[in-house]
Amino acid sequence: MNIIIGISGASGSLYGVRLLERLRATESVELHLVWTRSGEKTLFLETGKHIAEIRALANHSYSPEDISARLASGSYPVDAMVVAPCSIHTMSAIAHGITSNLLTRAADVTLKERRKLILMVRETPFHLGHLRSMTALAEMGAIIAPPIPGFYHHPQTVMDLVDHSLDRVLDLLGLPDAAIRRWQGAEQ
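The opening residue of the sequence shown carries number 808 in this note's numbering; numbering runs sequentially from there.
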């Protein structure tokens, strides 16, 4: 599978980094990384890591300004794209077809080619404009998957919470992790 991972400027860059780490362990996946400049800055502010370190987790990486990259064309075969985290700015740009950087262009191509687009929108609370953009994206075929953790698996660390949200994304990609703890119903 060819999967694009986008990292935008919302808080929660750890979601994108951890998703890259987990998908990298899957031999059948080729990873393409694209980010926004805000995503690059937020990554450093939250983790102390430079984008060069994260680029090493992907098979291919592209500068946000490289709108001539293969990801900008529907003729390049990609199976899915995940934006993790997805800022409201990026979500809104995608919803309205504003393709001013490679991340939003790749998402636009993903939608127009009827491929799977998963947006881990990171904002709260939502106002009506945000919700309308989400509705428009859902109507276009995108999957809105905010990282909202469950607690039935009794998380002990922040990474447990991050992984719980990413487990759902892996399911959506058709790449379920056999090791995850799934809800089995209440024990009586």
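Hints are computed from structural coordinates only; laboratory data are not their basis. Possibly wrong hints are sitting among the right ones.
In silico DSBU-like pairs for lysine-lysine, Cα to Cα no more than 35 Å straight-line [what the hints assert, rightly or not]:
no.: 1; residue 1: K919; residue 2: K848
no.: 2; residue 1: K856; residue 2: K919
no.: 3; residue 1: K923; residue 2: K856
no.: 4; residue 1: K923; residue 2: K848
State the violated hints by number, sorted upward, taking the hints as numbered earlier in the document. Structure breaks no hint.
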